[in-house]
Amino acid sequence: MNSRNWNILCRNIRGLNGSIKWDAVRKKLDESGCSIVCIQEIKRELIDASFIRNFAPRRFDHFDYIPSIGASGGLLGLWHLGNIYGPCDEPARSTLINWFRNYEVDDRLNWIFLGDFNYYRSLEN
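Each number in my numbering comes from the position in the sequence shown (counting from 1) with 4 added on.
Keep in mind the hints are simulated off the structure, nothing from the lab.
For clarity, every value in this text was computed on a predicted model and none was experimentally measured.
Where is the CB? At the ideal position from N, CA and C, for every residue including glycine.
Heads up, some of the hints might be wrong.
Unchecked claim - Here are the computed distance ranges between Cβ atoms for each label pair:
1. Ala-96 / Phe-55: 20 to 26 Å
2. Ala-75 / Ile-101: 32 to 38 Å
3. Tyr-123 / Ser-76: 44 to 50 Å
4. Cys-92 / Trp-26: 43 to 49 Å
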């Protein structure tokens, strides 16, 4: 059985303003190979996807944040995962299963698919 570690990076960075800090954060994210990032003290009131691209590798396709109040506080979370709501009827269910069979994920990346796949383990369910 091949087990996989899920690296989570949690850091107080004391401000996420400027290219020097962005470069340092990107370097740490690249080195860690983490799949989930929790950053405290972002000291920013507004964050959008274009701002995230200043420092986050492209593997992080989701984020959420709590803005700072003035020049203090603020939280940022980055992650990489998929959420599935599977179809209930055929042939759409078979199409989803075939998609999974053909989906290729780089062995070096951590991936998790969560959701409701609308499949039963047994008829009793």
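Hints, verified against the model:
1. Ala-96 / Phe-55: 20 to 26 Å: 37 Å, violated
2. Ala-75 / Ile-101: 32 to 38 Å: 51 Å, violated
3. Tyr-123 / Ser-76: 44 to 50 Å: Cβ of Tyr-123 to Cβ of Ser-76: about 48 Å, so the range 44 to 50 Å holds.
4. Cys-92 / Trp-26: 43 to 49 Å: Given about 45 Å between the Cβ atoms, the range holds.
Hint check: violations occur at hints 1, 2; the rest are consistent with the structure.
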